[in-house]
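Heads up: the protein sequence lines correspond to chains A and B, in order.
1 is the number of the first residue of the first sequence in UniProt numbering; add one for each residue after it.
1 is the number of the first residue of the second sequence in UniProt numbering; add one for each residue after it.
FYI, nobody ran anything at the bench for these hints, they're computed from the structure.
Each hint should be verified, as a subset may be incorrect.
[As the list claims (entries may be wrong)] Facing chain A, from chain B, some residues (calculated, C-beta under 8 angstroms):
| # | residue |
| --- | --- |
| 1 | Ile146 |
| 2 | Leu189 |
| 3 | Asp197 |
| 4 | Glu204 |
In this text, all values refer to a predicted model and were calculated from it rather than measured experimentally.
In this text, a Cβ means the ideal position worked out from N, Cα and C, and glycines have one as well.
What follows is each chain in one-letter form.
Number of protein chains: 2
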Amino acid sequence: MNQPSKSTSRAPRGGNGRAGRVPYDLDAVLDIAVLAFNEFGYEATSMGVLAERLGTSKSAIYYHVTGKEDLLRRALERALGGLEGILSEPGALEGSPVERLRYVLRGAVLVLADDLPYVTLLLRLRGNTEVEREALERRRAFDHVIAGLVDEARVEGTLRADVDARTTVRLLFGMINSIVEWYKPGGALTPDQLAEDVITVAFEGVRVHDAAPVPTARV
Amino acid sequence: MNQPSKSTSRAPRGGNGRAGRVPYDLDAVLDIAVLAFNEFGYEATSMGVLAERLGTSKSAIYYHVTGKEDLLRRALERALGGLEGILSEPGALEGSPVERLRYVLRGAVLVLADDLPYVTLLLRLRGNTEVEREALERRRAFDHVIAGLVDEARVEGTLRADVDARTTVRLLFGMINSIVEWYKPGGALTPDQLAEDVITVAFEGVRVHDAAPVPTARV
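Produce the entire structure from the sequences given, and follow the hints as far as they go.
So, in structure tokens, the structure goes:
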């Protein structure tokens, strides 16, 4: 689920850069920008603040991008491109609806865990600018594909029909999107395990299903 | 799950109040304050803005409360009091751990749906002031009780042990807390049905469990 287009090379932070140099690659500039957007809000973050955080000059940032909006567009592209990329993978196209749904949701968790600050930025968008509205439109289109898979799986009879389809989709996304609030990348819980846990809880529920209907009867 | 202490009487909105009058009861003042805090943030909301929204004077608000912090304290008390109240109900104290867990989570959804803006305010707290930190402490204590029930239910064997207890709690709360992002009170989905749906999805999962392990074999 790592996007092949995503460069993981990073220039060293800090160091002996002088103003005007280009000590960071675009990914590092984006990383800093996204953290600042998430912390202060996009509107409240100036290019000057970003330059300060990078320990460089504004002109060094303009070497990579045309401005703040360009940074936002590229950051959102990374989150959306990662999510949309799942939809064209074989696992999302082949198999039964419930299998495809499981594959796509697992993939969404992995993109979220891999690019946590980028997806956080996407999830907190309010649609104040054209760039934000376009991103929200793409996110809605992604959600719409999931909703379609949920519908198909209900028709197939593998997804429960006693909960409204719309509510099902919202609860699934509620659970998945909440990960940005608590998941700490690099900790004991790996992205793969996290994805496994989410899929287990979402599809199978937290209850042990071979337990008797009245659980107390079993203990 | 409606809190008996919660007055539902409301003075009419708008109308012919003149400045200095006390045209609203405390609940109506709180309602307006909470909506404003959620929209603009607590720090950015002045008593003047609140008075304007109420169509009254600041002194009319001071008739009810000692100031903005008092409004915040009372608003958070309503959300927290509602949640904590569940824990002393018979359903939360009697029965097996999994039954008590189900009862408490269902109750939390109902409080959330009943007092949506109040719980939204609670969930978005950052802990910037003493009042906020105290509220966060009480929220953590509530979450801690849930975590204890999850632990007990795992020991009992009714809750799955193949997902980490901490992750289980976070995913359950992730699903429940996300409701503030999309639920519209007064619509077709009643609080009772919402609570039922959340409990079904959380405990039983979205998959139909009498389906064959490989769902395609069934269609």
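Check your understanding: Holds or violated: is the Cβ of B/Ile146 closer than 8 angstroms to a Cβ in chain A?
Key -> violated (12 angstroms)
Point to revise | Agreement of hint B/Asp197 with chain A interface, Cβ distance less than 8 angstroms | key: Status holds, d = 5 angstroms.
Exercise for review: Identify whether the interface hint at B/Leu189 stands, where standing means a beta carbon of chain A within less than 8 angstroms of its own.
Suggested key: holds (7 angstroms)
Exercise for review: So, B/Glu204 near chain A? Judge it on the closest CB pair being under 8 angstroms.
Suggested key: Cβ of B/Glu204 sits 4 angstroms from chain A, so the hint holds.
Of the numbered hints listed earlier, the single one contradicted by the structure is hint 1.
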